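Engineer: Now for the letters of each chain:
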Amino acid sequence: MQNPRKTIRPEHCEECPSLGKGIFCELERLCLNELSGHKVNNVFKKGQSLFVEGNPPFGVFCVSEGNIKISKMSSDGKESIVRIASQGDIIGHRSIFTDQFYTASATAMEDSAVCFVDKKYIIKLVREQPTVACHLISLLGRDLGAAENRIASFAKKNVRERVAEFLLLLKESHGTKDEDGKCRLVLKLSREEMASIVGTATETLIRFISELKDEGIIDQDGKSIVICDEERLVEFANISY
Amino acid sequence: MIKNNELPGIYFLDLKLVEDLVKHFPVRTYLAESDIIYKGHIPHAAYVLTEGTVQMAKKKAVVTLLPGVMLGARELFRNNIFRFNAKVASGGKVIILDRSSLTEAMSHKYEIIRNSFLAAVK
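Protein chains in written order, with this note's numbering: chain V, 1 to 241; chain P, 242 to 363.
Treat each hint with caution, since some may be false.
Unchecked claim - Covered stretches of chain P (in silico footprint by chain V; criterion: 3 or more residues with CB under 8 Å from a CB of chain V, positions within the stretch not fixed): (1) 266 to 274; (2) 282 to 294; (3) 330 to 342.
As the list claims (entries may be wrong) - Below, computed lysine-lysine pairings styled on PhoX-like, alpha-carbon distance capped at 25 Å: (4) Lys300(P) x Lys264(P); (5) Lys257(P) x Lys45(V); (6) Lys46(V) x Lys257(P); (7) Lys78(V) x Lys280(P); (8) Lys301(P) x Lys45(V); (9) Lys334(P) x Lys72(V); (10) Lys264(P) x Lys69(V); (11) Lys46(V) x Lys328(P); (12) Lys350(P) x Lys124(V); (13) Lys257(P) x Lys334(P); (14) Lys257(P) x Lys363(P); (15) Lys264(P) x Lys124(V); (16) Lys69(V) x Lys171(V); (17) Lys78(V) x Lys188(V); (18) Lys223(V) x Lys78(V); (19) Lys156(V) x Lys120(V).
Just so you know, these hints were derived from the structure itself, not from any lab. Everything numeric in this text was worked out from a predicted model, so none of it was measured. We put the beta carbon where it would ideally sit given N, CA and C, even for glycine.
Required output: the full structure, derived from the provided sequences and hints.
Structural biologist: Okay, here's the thing in structure tokens:
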């Protein structure tokens with residue numbers, strides 16, 4: 001079934017659906033106008049790549065609408081999703097500052113509007129606009145924290161706890177409250193994609209999802225997962241902070 | 242000497258000019274086969290192919306381009322969409338000229354480079 005909502009390509013930053021969420025949003029109007037004229041914005045269809053692991057970086061991508069999966073390919077050809085970028089997130093920033101090749105691939109999970117800003121312009125902005133620099137530092141710090149938590153989860157938690165933790169993380173980034181107070185996860189991931197993020201086999205993930213459904217902690221409405229009992233999900237996730 | 246466009250969005254540069262460009266702009270290697278421009282997209286950069294091949298495709302028609310070709314400069318400069326899918330083969334080497342670099346190239350101190358890019362974006 002076709003999505004009736006068409007992804008539009010915002011011409012100006014002020015028309016962007018993720019206005020207020022990105023690192024450029026606090027720029028003064030004059031700078032924002034200049035940025036709007038300089039950036040290149042496109043709609044990437046589902047499955048199209050923004051960049052591929054191993055290729056040279058030359059700018060950053062800012063997601064204005066949609067979801068982009070960041071993944072790495074192992075030597076045996078298996079894909080591991082390391083992050084999902086959504087509205088307001090930027091992608092590819094680490095490679096341009098470290099001058100390394102892209103260490104992961106970025107692929108659109110659905111029709112997504114993405115803006116591209118070249119490296120020279122980004123560096124100029126970082127030097128001239130403290131708000132951009134501060135937001136970038138904050139973003140890098142957040143990414144580092146998330147990566148550390150993930151490493152700790154893989155080391156200390158069993159699969160069931162990781163599945164529960166992952167659902168809670170999804171709730172933060174892609175959750176909306178239903179009328180009955182339950183939280184619906186609007187990001188539709190396949191079981192294989194979820195298993196890749198959690199770091200387990202698809203069959204194991206399906207078993208634990210079923211267990212959570214049997215316990216009444218989550219429910220399924222079509223392809224969407226609905227969190228019915230967040231408190232018990234937090235207990236399952238064994239979160240200590 | 243710059244030849245007239247035979248395909249929209251493509252510009253053919255003399256190999257001597259490409260050699261000059263290589264001295265002034267960094268050359269990047271694509272380790273993996275990659276889509277550099279999607280049909281219907283505004284290019285993120287202009288690409289000058291220095292080694293390897295680029296395949297341009299529209300529906301079932303495929304054209305293989307060789308070193309010396311420049312893609313996407315006009316579309317990037319004018320914010321127009323590119324009408325083909327362009328894929329660089331694994332190992333292909335390109336000079337990537339994003340908007341900032343393209344602007345630099347058009348005001349380059351060397352006349353031949355400057356004139357070439359001004360002609361390419363007309």
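Engineer: Compare the distance between the alpha carbons of Lys46(V) and Lys257(P) with 25 Å, and conclude whether the hinted pair is satisfied.
Structural biologist: 41 Å, violated
Engineer: For the pair supplied as a hint, Lys300(P) and Lys264(P), confirm whether the alpha-carbon distance does not exceed 25 Å.
Structural biologist: At roughly 37 Å apart (the allowed maximum being 25 Å), Lys264(P) and Lys300(P) break the hint.
Engineer: Does the alpha-carbon distance linking Lys69(V) and Lys171(V) stay inside the 25 Å limit?
Structural biologist: Distance of about 17 Å is within 25 Å: holds.
Engineer: Can the restraint linking Lys156(V) and Lys120(V) be considered satisfied, given a maximum Cα separation of 25 Å?
Structural biologist: Violated, at roughly 42 Å.
Engineer: With a Cβ-Cβ cutoff of 8 Å, does the stretch 282 to 294 of chain P contain at least three residues near chain V?
Structural biologist: Answer holds; 5 residues pass the 8 Å Cβ test.
Engineer: Are there three or more residues in the stretch 330 to 342 of chain P whose C-beta lies within less than 8 Å of some C-beta in chain V?
Structural biologist: With 5 residues close enough to chain V, the hint holds.
Engineer: Could you grab the alpha-carbon distance between Lys257(P) and Lys45(V) and see if it respects the 25 Å cut-off?
Structural biologist: 39 Å, violated
Engineer: Is Lys264(P) close enough to Lys69(V), meaning Cα to Cα at most 25 Å?
Structural biologist: Answer violated: Lys264(P) to Lys69(V) is near 37 Å, above 25 Å.
Engineer: Under the criterion that the straight-line Cα-Cα distance not exceed 25 Å, is the pair Lys350(P), Lys124(V) satisfied?
Structural biologist: 22 Å, holds
Engineer: Does Lys301(P) pair with Lys45(V) here, judged by a C-alpha cut-off of 25 Å?
Structural biologist: 20 Å, holds
Engineer: Per the coverage rule (Cβ-Cβ under 8 Å, at least three residues), is the stretch 266 to 274 of chain P covered by chain V?
Structural biologist: holds (count 5)
Engineer: Given the hinted pair Lys334(P) and Lys72(V), is their Cα-Cα distance within 25 Å?
Structural biologist: 23 Å, holds
Checked against the numbered hints above, the structure breaks hints 4, 5, 6, 7, 10 and 19 and satisfies the rest.
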